[in-house]
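Guided by the hints, dock chain B onto chain A, whose structure is given.
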Amino acid sequence: MEHSVIEATKAVVTLDVALPGIIWGWMITLNMWAKSIGTGVILIGAFLLYRHKKEDLVGLRWKMPLISFIFLNIFLLFTLLDLHQPLRMINIFIHPHWTSAITVGAWMASLFTGLVTLMLAIGFLDAHPDTARHSGIAKSIRKISSSYEKIFPFVVFLALPVTMYTAIIMAESSARELWAAPAELIQMLLAAFMVGSASLIFISEKWSVEARKDLTLILALSVFFSFLMYMGEYFFSFKSEEIEATIAYVHSGGSYNLQFWSAMALGYIIPFFIAMGSLKDENRTLMKFAALTTLIGLYLAKSTWLEIPQMIPLS
Amino acid sequence: MKLGFLVDLSLCMGCKGCEVACKVENEVPLSSWRLRVKYIDVGTFPDTSRNFTPLRCNHCENAPCERICPVSALHYLPNGIVNVDNSRCIGCAGCMMACPYGAIYMDPETNTADKCTYCAHRIEGGLMPACVVACPVEANIFGDIEDETSHISRYIMEHQGNVQVRKPEKHTNPKHFYVGGGNQTLNPLAHERIEGYGLFNNITHLDTLGDPHHSILDRFTGPIFGHKHLDNKSFIDMPNDDNHESHEEGGH
Numbered sequence: 001m002e003h004s005v006i007e008a009t010k011a012v013v014t015l016d017v018a019l020p021g022i023i024w025g026w027m028i029t030l031n032m033w034a035k036s037i038g039t040g041v042i043l044i045g046a047f048l049l050y051r052h053k054k055e056d057l058v059g060l061r062w063k064m065p066l067i068s069f070i071f072l073n074i075f076l077l078f079t080l081l082d083l084h085q086p087l088r089m090i091n092i093f094i095h096p097h098w099t100s101a102i103t104v105g106a107w108m109a110s111l112f113t114g115l116v117t118l119m120l121a122i123g124f125l126d127a128h129p130d131t132a133r134h135s136g137i138a139k140s141i142r143k144i145s146s147s148y149e150k151i152f153p154f155v156v157f158l159a160l161p162v163t164m165y166t167a168i169i170m171a172e173s174s175a176r177e178l179w180a181a182p183a184e185l186i187q188m189l190l191a192a193f194m195v196g197s198a199s200l201i202f203i204s205e206k207w208s209v210e211a212r213k214d215l216t217l218i219l220a221l222s223v224f225f226s227f228l229m230y231m232g233e234y235f236f237s238f239k240s241e242e243i244e245a246t247i248a249y250v251h252s253g254g255s256y257n258l259q260f261w262s263a264m265a266l267g268y269i270i271p272f273f274i275a276m277g278s279l280k281d282e283n284r285t286l287m288k289f290a291a292l293t294t295l296i297g298l299y300l301a302k303s304t305w306l307e308i309p310q311m312i313p314l315s
Numbered sequence: 001m002k003l004g005f006l007v008d009l010s011l012c013m014g015c016k017g018c019e020v021a022c023k024v025e026n027e028v029p030l031s032s033w034r035l036r037v038k039y040i041d042v043g044t045f046p047d048t049s050r051n052f053t054p055l056r057c058n059h060c061e062n063a064p065c066e067r068i069c070p071v072s073a074l075h076y077l078p079n080g081i082v083n084v085d086n087s088r089c090i091g092c093a094g095c096m097m098a099c100p101y102g103a104i105y106m107d108p109e110t111n112t113a114d115k116c117t118y119c120a121h122r123i124e125g126g127l128m129p130a131c132v133v134a135c136p137v138e139a140n141i142f143g144d145i146e147d148e149t150s151h152i153s154r155y156i157m158e159h160q161g162n163v164q165v166r167k168p169e170k171h172t173n174p175k176h177f178y179v180g181g182g183n184q185t186l187n188p189l190a191h192e193r194i195e196g197y198g199l200f201n202n203i204t205h206l207d208t209l210g211d212p213h214h215s216i217l218d219r220f221t222g223p224i225f226g227h228k229h230l231d232n233k234s235f236i237d238m239p240n241d242d243n244h245e246s247h248e249e250g251g252h
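Order-wise, the sequence lines are chains A and B.
Once you know that position 104 of the first sequence is 104 in the numbering used here, the rest is easy, because the numbers rise by one and skip nothing.
Once you know that position 95 of the second sequence is 95 in the numbering used here, the rest is easy, because the numbers rise by one and skip nothing.
Incorrect hints may have been included.
Derived CB-CB ranges, DEER-like [to be verified]: (1) A:F154 / B:T149: 58 to 66 Å; (2) B:E148 / A:F154: 51 to 59 Å; (3) A:W98 / B:L77: 32 to 40 Å; (4) A:L258 / B:K2: 45 to 53 Å; (5) A:L228 / B:N162: 33 to 41 Å.
Which bits of chain B does chain A cover? Going by a derived footprint, with three or more residues having C-beta under 8 Å, they are [to be verified]: (6) 42 to 56; (7) 76 to 90; (8) 95 to 106; (9) 162 to 173; (10) 185 to 194.
Here are the simulated SDA-like pairs of lysine to any residue, each with C-alpha atoms no more than 20 Å apart in a straight line [what the hints assert, rightly or not]: (11) A:K213 / A:A46; (12) A:K239 / B:L189; (13) A:K239 / B:N187.
FYI, nobody ran anything at the bench for these hints, they're computed from the structure.
Backbone N, C-alpha and C fix where the C-beta goes; we use that ideal spot for every residue, glycine too.
In isolation and in its complexed conformation, chain A is listed as follows (with noise of 0.2 Å):
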């Protein structure tokens, strides 16, 4: 039995049930982590597009859609994987509540990822032509080669609310103050910015010394501005008596701390200085370093805002 004073104002807690702990744990961070990534590459490569002529960002056709591809499986994946009920997914289509934005976000996902797929086999037997050259189903996909394009605008579109549903479950998670709907749609679009170039600087070794530079200069401006909006909500969300309960589980030390300013260094810091180094004089290697060091700490810093918000106490 552990003995302490207790202050004639306090009141202590004497009996009460076990409180649950972390209900949505390392599933739907990897969930959050991998959305950016496929949505990310999606808006970063339209505007490499826009910017660029298509032959200064070779392979970029397909394999934009092809990254894009295998992070929303991952994140479908996983997302059905986190339910106590996976088969009863279906209920999402067959009995939508469209108040809540798990089921519009479900929507949206199913069709993006499923335009996608589309543009991956246009995109992918357009660059191999010898590939599958017998196959019915591919001389019909070679067939509609120019639906690429058209299709594109709407992916990119799409791409923008599927990146941000998820802070719009989490203003609709009202237990949850730190999860506040400006802040996380900010930060999941800055997200997918900073892991959509990650990603993309990995691909880029042949590409014009231009669109590198502009993969380059949205890294780090995208990790900048997150950084900023972290510390803004590190040291002045004082207003709310619950987000000063919740933060206390980063400002008070401990594993928390340590995973916050990991992924802080990890993520922000780091890249941002070797980007903006790399800005002036380009190095490739330290780049990647830099990319992957952002997809770490994103993850890390995605885990830390999940699971902090569910360990205070709601009665």
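Chain B only, in chain A's frame:
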């Protein structure tokens, strides 16, 4: 008709009769609670007092759980009750994230969300909720708050100025009221959970909710990595000494 609940905390003596009645009536599994009575001690010895706060779903008029539920498993009944349809629930736990009162749990047997329904099945048959019947001091008052002549409406009128709801700032418009409560009993951030001060057991954080092996991934990895010892049997095996490792985080 809008059904509401009122607990007079000045009458409640913490007997937990309501808690037990609820468990039995609704067959609530081990480690889960639809209704619980929390003990809170205030003051320093010898000037101390013990307060009892029964906690259950608030059946909010603007229920965040109903809004976030992607499949309408949580839905309103015409009498104002926020009901659960377990057969539709997909187990996303969105409602658990949304409920500001922590009133929803994941049933470890059905792997679906569940909570207090004001014993909707009993009300349909013209009976009072089980907790109301069990209360020996009639601290639980239940009825139609839209009917000015009902017991609950008259009780609210008689105690004007002393009727509170939990977390009114959340704009959930709860239909569960307390008489004789205060910040220290109704605000979870106003009291501490100090390790070692558990009266009958250590207050712990559960590592996970309900069935810890709920996911498909866990079912694949379980045979390889082994499941954590968190089934109901673990409550029997739990060492009852000071060295027992607790997950309680002090000072919140």
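Hint check:
{"no.": "1", "hint": "A:F154 / B:T149: 58 to 66 Å", "verdict": "59 Å, holds"}
{"no.": "2", "hint": "B:E148 / A:F154: 51 to 59 Å", "verdict": "56 Å, holds"}
{"no.": "3", "hint": "A:W98 / B:L77: 32 to 40 Å", "verdict": "20 Å, violated"}
{"no.": "4", "hint": "A:L258 / B:K2: 45 to 53 Å", "verdict": "49 Å, holds"}
{"no.": "5", "hint": "A:L228 / B:N162: 33 to 41 Å", "verdict": "46 Å, violated"}
{"no.": "6", "hint": "42 to 56", "verdict": "holds (count 7)"}
{"no.": "7", "hint": "76 to 90", "verdict": "holds (count 3)"}
{"no.": "8", "hint": "95 to 106", "verdict": "holds (count 10)"}
{"no.": "9", "hint": "162 to 173", "verdict": "holds (count 3)"}
{"no.": "10", "hint": "185 to 194", "verdict": "holds (count 8)"}
{"no.": "11", "hint": "A:K213 / A:A46", "verdict": "16 Å, holds"}
{"no.": "12", "hint": "A:K239 / B:L189", "verdict": "15 Å, holds"}
{"no.": "13", "hint": "A:K239 / B:N187", "verdict": "17 Å, holds"}
Going down the numbered hints, you'll see the structure goes against 3 and 5, while the others check out.
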